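Trainee: One-letter residues, chain by chain:
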Amino acid sequence: MSLGLEVRQLSKHYGSQRVVSDVSLTVPSGQFVCFLGPSGCGKTTLLRMIAGLEAPTSGRILINDRDITDTPVHERNFAMVFQALALFPFLNVEENIAYSLRFRTINAQQRHEMVRDLLALIKLPDIGKRRIEQLSGGQRQRVAIARALAQEPMLFLLDEPLSALDARLRDHMQVELRQLQQKLHITTILVTHDQREAMSIADTVVVMADGRIQQIGSPTQIYRQPANRFVAGFIGRSNLIEAQVEDGLHLRVGERLIRPLSMPAMMSHGESVTLAVRPEEIRLLARPQHELNCLTGRITFTRDVGNEIELRIDCEGREIIAATSPAQWSALGAAGEPSEVALQLPPESCRVLTS
Amino acid sequence: MRRWQLSVLLSWPALATLALTVVPVWLLLRISIAPPDPAAPWGAGLTFEAYRSLLAPDSIHALRRSLQLAVVVGIVSVGAGFPLTYFITRMQRRAQVGWLVFLLATLTLSDVLIAFSWQVMLSKRIGLSRIFVALGLMQQPDSLAPSVGAIIACLTYLVIPFTVLTLYPALSQLDRSLIEAARTLGAPAWRAFTSVVLPLTRVPTMVAFVLAAVLTLGSFVPPVALGKPEHWPMSVLIGNAALAGHNLPRAAAMSVLLLVVTALLALGAVRAVRHRPTP
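Residue numbers (our numbering), protein chains in the order written: chain A, 8 to 362; chain B, 74 to 352.
So that you can see chain B by itself, here it is in the shape it has in the complex (with noise of 0.2 Å):
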């Protein structure tokens, strides 16, 4: 086979991904300078009345509430990902592969099923809330949703085995000999913890935070069945806009400014993480 048969042969797949890729947002850009039609996914012509709607002050605080829960679902992962992880690493060899296991399988369940589960579960009659009862943190049982604590916590759930998935490798093949020569060294444990092993592992730990942030931005059905309306962030004004509000530029032009952010945070993540911290 001569060279650029091989070539052309291997390069299907990226030029398929791309054209999968680009089409749609070639698409979603088109259509968010589209006028919206009753009649019609979108009318004739062009205009940026749907970009103009996003500088209304609800589609400011949806950006600013995807953000706030992006950021916070993103360091709530990381906070119980990374100790979760680093614990799994240290265990006995079938431990390790029965609890990665069990982490894929919660990936199995769909996230209506969770959202419904957390419901249940943040009911006043059969909650959460009557354990904070018995352990004295609370005076009476009562509904801990809607709430956004409420989406916060089911949103964390879903994203927990991405982060240990992504911190695992990384995890599981340090070299503990550094963490013992930082102890020999004088660093107590904590110390040898956050000056080598936080540094060995920033990379991994900031693609983490990055996946759990870009999860969180994209979802849809938590904070609807576990949040109130003045709780929604971007995504759920997006599925709104789209399916009961038929006005599919105005999606489209959220999405695009939500695809823009997303890849702003991932960009900025790089940059954080490509630079060296001073000790």
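The shape of chain A in the complex, shown without the other chains (with noise of 0.2 Å):
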């Protein structure tokens, strides 16, 4: 059974240093919630806290509106898997995966049955009598997942459970543990600082820096809508462009104007403010245009990375990267390499940021 967690005002300092800083968020059940950020940014104190491996500084956490704020950590039933898997050595894999029903009253046969039904979950049915050392990076990883499932947990705690595995069998890995959480249906945080790990797994992705969180939102939503500067350029890669509040509807950038879909209110002439755009959303023209919305450079490098041509474009002093695909690319530079281009940005890929 899963259940809903709620976080409010929660903090931790040591001494005059403040690791996490005032952090509310609830945490649906059954969701699949991912802390991301850079490393030193709080997430894994704040993991930590939930687990009840750390006391907070200040505030409450509840889960289905009960306070566990200071119940003990083996009384609060949330499994943890550890950045360093932490298997116990001196047990072999049966042992290890069965350590916590010991401290439940069941009995040999259904323990048994319990390993057993684990081992068929994580697709390891025959390596319950192997010791820890005999198994790969991957295997262990399965182990700790199981482990950590036996005592059939209300909350399912990942603490950057796959950083240490190569780039393929962790991206196997990431969707086997999203199938996992969605067959159990069990409530999930993982910790990551890989933004495409929890853009590829999370229904809810937190952002975190310095502490605090910057955003919540789906991964369609801090990616399409960042909240601030940091999100924008944490989440994927963003032009952070500084611009000047022309109007209502218009940023002055250099001397062009551009017109995004949206404009924050209550922004007065001359105002700066932050223009983020993707690369891949800018469109390139061989022309340069003096139109709204467009501003023109000189491309100072090209880089193939194979499904794209990235570029980089010096517009009157701002190095702006661009990103098209080769079939794009070729079309533009059909009498040849165009060295000067023009850059259209639409108006729905022009976020306008003021923090």
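Just so you know, these hints were derived from the structure itself, not from any lab.
Owing to the predicted nature of the structure, the values given are computational and were not obtained by experimental measurement.
In this text, a Cβ means the ideal position worked out from N, Cα and C, and glycines have one as well.
Incorrect hints may have been included.
Stated by the list, open to error - Derived SDA-like pairs (lysine to any residue); straight-line CA-CA distance at most 25 Å:
#1 Lys136(A) to Thr274(B)
#2 Lys301(B) to Ala129(B)
#3 Lys190(A) to Asp178(A)
#4 Lys136(A) to Pro272(B)
#5 Lys136(A) to Val276(B)
#6 Lys136(A) to Ser250(B)
#7 Lys136(A) to Ser126(B)
#8 Lys136(A) to Lys301(B)
#9 Lys136(A) to Thr267(B)
#10 Lys301(B) to Arg167(B)
#11 Lys136(A) to Arg347(B)
To be verified - Only some residues are given here: those of chain B computed to face chain A with a beta carbon under 10 Å:
#12 Arg163
#13 Leu273
#14 Pro277
Both chains are given apart, each in its own frame, so use the hints to dock them into the complex.
Mentor: Here it is, written out as structure tokens:
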């Protein structure tokens, strides 16, 4: 059974250092949530406070409206998979998985069946008798997950468990983890610094920096509508262009006027804002244009990465990165490699950030 | 340099150690089967009289006392040294260094001085008994030595630095995430300790126990200074036979017996930790 989690104004200070500041969030039952942020942003400390491994300096943690802030870690029934996995080296696979069952009143037959079912769930039915040092990285990962799930937890917490795996195996394990979570419908929180990982498996992404939440939203939301400069820069690639408010509808970038789809309210003429534009949303035109939402520039660097061509363009001293498909690039360069290009910024791709 | 020359050059410490071990043991064995001679260290000829005398009740009781003392001091020193080491490893780096330097410093004190200090501490006039009276644990001040308890206390004090220094590397490198994993899997703190910390440290713990027991088996001054003759272990009887009784063959035979017992104890310990405990 999975329950909803609520964190209210949670903070953690070590002396004068504020690791987590005033964090509030809700994790609805059955959701897969990712805490995403650079290292040192407080995401692991937040997870450890939820697990009960760290005591918060202030704030409350509730599960289904029940306050568990002071409940000891072993009474919370939250499973945790550690970054280093923390499998017990002196126990074999079966004994590792059955560890949490020691603290419950079940007989040997039930225990045996549960371990067998969990080994089947992680698709490793025949490794029960193996020692931990005989397992590969991916197998250890799955055993750690099975061990955590054996206690039938209310909440499943994972602290960067895939970071030690190579890229291919990590991709594979991400899919497996997501499938497992959907199959068991268990409320899950995954801590990661890998935005691709967060985007590909989470229902909700919590972006953190400097101990604070920067934005909470679905992967699409945080990608399409970043709340601030940090999120726009951290999630995917973004051009962050300094601009001034011209009027209620337009921004000025150098000599050019840009009209975004929407403007923040209460802005006055001349106020500085940041215009965020994704490289792949910029349209490239061969001939310099002098209309609205167009910049011109000189290509300084071209990089072919297979599925796209990445260009660095100098627009009156500002470096803007644009990406285009190989087909469009060859159409653009039909009359030889262009050096001067026009960049068209469609209104829907222009996001105005004030913080 | 040729390979064999290098081998010779590097093998001398091993050869020297071997020689310095083999020669005294060979001498011990030789003396143990010689007849005693009041005019010389030992007499000429061969006899198993010294070994036969080990079957006498006083020898058997002394051996039993030696083993009891070794086991009790081993248990007490590991029982006290383990938590002490565990807490030292959780301290800040500077405090850890301070503790280790302090424990090393106590090793420089002579055991005669330490035994004398314990005599003073356990005496009726200025000793611990006055504190016990103040705490209501005793009716009136009394002398706490000579007694078996006094011997155990002094020996434990002497071996605890070895216990801590033996356990320190293992406990300071203990992966704390394993304990945290056990806690998140539903283990209360003490179950996490017994089911994770103890299995992870069973080899160094056994080594610390054997070290304490072996050091106790060879102790001489503390049992003499803090015990009565009926408390004396075999090591004291060996000393008395060699120094006061001028019966070197009997002392040698008892030493051989103690050597065998020590070897058996160490072997038993190795066998005990080699097998994985079943959970």
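Trainee: All hints are to be evaluated individually against the structure, with a verdict given for each.
Mentor: Each hint tested on the structure:
1. Lys136(A) to Thr274(B): With Cα atoms ~23 Å apart, Lys136(A) and Thr274(B) stay inside 25 Å; holds.
2. Lys301(B) to Ala129(B): holds, 20 Å
3. Lys190(A) to Asp178(A): holds, 19 Å
4. Lys136(A) to Pro272(B): holds, 19 Å
5. Lys136(A) to Val276(B): OK: Lys136(A) and Val276(B) at ~23 Å, within 25 Å.
6. Lys136(A) to Ser250(B): Holds - the C-alpha atoms of Ser250(B) and Lys136(A) are around 23 Å apart, at most 25 Å.
7. Lys136(A) to Ser126(B): This hinted pair is violated, its Cα atoms lying about 54 Å apart.
8. Lys136(A) to Lys301(B): With Cα atoms ~56 Å apart, Lys136(A) and Lys301(B) exceed 25 Å; violated.
9. Lys136(A) to Thr267(B): holds, 23 Å
10. Lys301(B) to Arg167(B): Given pair Lys301(B), Arg167(B) is violated - Cα atoms ~43 Å apart, limit 25 Å.
11. Lys136(A) to Arg347(B): Roughly 19 Å separates the two Cα atoms, so the pair holds.
12. Arg163: At 15 Å from the nearest chain A Cβ, Arg163(B) fails the 10 Å test, so the hint is violated.
13. Leu273: holds, 7 Å
14. Pro277: violated, 14 Å
Hints 7, 8, 10, 12 and 14 from the earlier list are contradicted by this structure; the remaining hints agree with it.
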